[in-house]
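Protein chains: 2
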Amino acid sequence: MKLATFNDGTRDGRLLVVSRDGTRAAHATDIAPTLQAALDDWNTTRPKLQALFEALEAGREAGFALDVTTLLAPLPRAYEWIDGSAYINHIVLVRKARGAEPPATLLTDPLVYQGGSGAFLAPTAPIPHFDEGYGIDFESEICVVTGDVPMGTRAGEAAGHVQLLMLANDVTLRNLVPPELEKGFGFFVSKPATAFSPFAVTPDELGAAWREGRVHRRLRTTWNGALFGDTDAGPDMHFGFFELLEHVTKTRRLTAGTIIGSGTVSNPDEARGASCIAEKRTREKIATGNITTPFMRFGDTVRIEMLDDAGRSIFGAIDQRVVRAERKG
Amino acid sequence: MKLATFNDGTRDGRLLVVSRDGTRAAHATDIAPTLQAALDDWNTTRPKLQALFEALEAGREAGFALDVTTLLAPLPRAYEWIDGSAYINHIVLVRKARGAEPPATLLTDPLVYQGGSGAFLAPTAPIPHFDEGYGIDFESEICVVTGDVPMGTRAGEAAGHVQLLMLANDVTLRNLVPPELEKGFGFFVSKPATAFSPFAVTPDELGAAWREGRVHRRLRTTWNGALFGDTDAGPDMHFGFFELLEHVTKTRRLTAGTIIGSGTVSNPDEARGASCIAEKRTREKIATGNITTPFMRFGDTVRIEMLDDAGRSIFGAIDQRVVRAERKG
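So the protein lines, in turn, are chains A and B. Under the working numbering, think of the first position of the first sequence as 1, with each following residue one higher. Under the working numbering, think of the first position of the second sequence as 1001, with each following residue one higher.
Isolated chain A (complex conformation) (with noise of 0.2 Å):
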């Protein structure tokens, strides 16, 4: 099934399902408000949400015309919010464009960091900056949403513990990491809110492009209406899901509705093109030494979304334009 949040102008938004081609909605707080409250109490809610949909497929229940436009994050804000870099192309690519080596830990440990959950952007939302100086990037991201996961949770027990998958669009202000990565303490101001896909969807809805916690889908990603990344998020995902989920547990517990993004999709493959302009701009440095390609400025757009073999959008598009943010007084 697919789940989205509609905008009532609440913080939190109101849970709607969603039917499989993305073109119609049911409200769904009768079974639960938002989508926290169903992730709270998901054995109860999720069964009575599956029914919803299969009523809304079969035409048992009309539902109405769904706007995106008229949406929220699935989840507006959650409770964590932590992104991996599984993809290894990635580190690779982007360390060598600020001429930082990869960790010798590169293959055996993950890379995550905890990103700020407090406030996402919608997925049709502007993204607000008050300098294109920042060096403002995309990153096109899958990730999952958890239940409630206990501290020492094994890559092997981990299946059950992922509800929904979603996109995501981890902006990055390039300019800012350098500075911020030499301080010690990792990313915060370097990384803004994210932006998350209209729909979150249950792992069933990929089939068999779920599996070994990866998804065997291509991701597109499109910047001012020009295909830039048709990457291939399966295979080079060297981390999968349930390896994420077992390192960002070995020291504490995860509350249901936490966030686990995977990084940047990457190929080394450079036909694939790329999910992120700094791995296009690394590519260039070492083909030529010079980089031509800027990061987005001020009216840029990016369109991330997954296509399934019908060519129907399975999250829905991320879709936003950057913009920029006005100082007060």
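A couple of the hints might just be wrong.
Straight-line C-alpha distance at most 25 Å; calculated BS3-like pairs for lysine-lysine [as the list claims (entries may be wrong)]: (1) A:K250 - B:K1328; (2) A:K96 - A:K285; (3) B:K1250 - A:K328; (4) B:K1285 - B:K1096.
Worth flagging that the hints you see were computed from the coordinates, not collected in a lab.
Please build the complex by placing chain B on the supplied structure of chain A, with the hints as guidance.
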């Protein structure tokens, strides 16, 4: 006024108003079911909670005898937990301990990290870990709970965004820190669940001790019954909470209920002791070349509190024991 969260078995508990002396409480669920709900609608709920607090103080509301072991953290889970490191003395000492240099921008650019906020420890909850070899340490801190804070907020505008103050025990697994920071993405497994004080208090409860975004009082840390630190939280806080708020809103906004920590309270004056074991060990190493103080062992206790001029505990005491966590299976 003072607020707390009663453990009724639900994820977010029930909101209580607590008497100034911390001995009595009244249910506030008619005003807001949880502290997060109160903060989400603070302009409406604050005056009602204040009226209930005054009725409790005046004896017009009988309330009930409060047992702090029935309390969860004031926010049992939060949308963000952003921990600063605003006491320069702590940064210098702890980096010395692991042979690292303080960052070049030590005095001009605040250090913060994004902490896990999905599952906090109650003030009297055990601290469960699998392995003493992690180097289990306490860190006694002050923190603020914010309202909604816009992106681009200046330090001079920050005071009105501080709704509540609490104490924190930001447990740190010292032996996991160096390999984790080596990877370049900051802390994750080295920062397990944080505990918070029984009471969250409005800034007016601190009187003149709350000024310029700092708490000018001593913070007492007791390890296994012996006073370990009686550090002054005021003058050595290089960046106050208002400067921290400016820093963390440079590129994004904060939602109501965001928690911002001071970092380990630390004074250059050794006579004040320390608010974490790592500092004591570093001082031993500098003084004699030999580290004699171990980290915490299973069964060890730590107590953290702040007293007013009359010797009353302002926030109630964090009072925890380290216990061995059992691995499943």
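Violated hints, by number in ascending order, as checked against the structure:
Every hint satisfied by this model.
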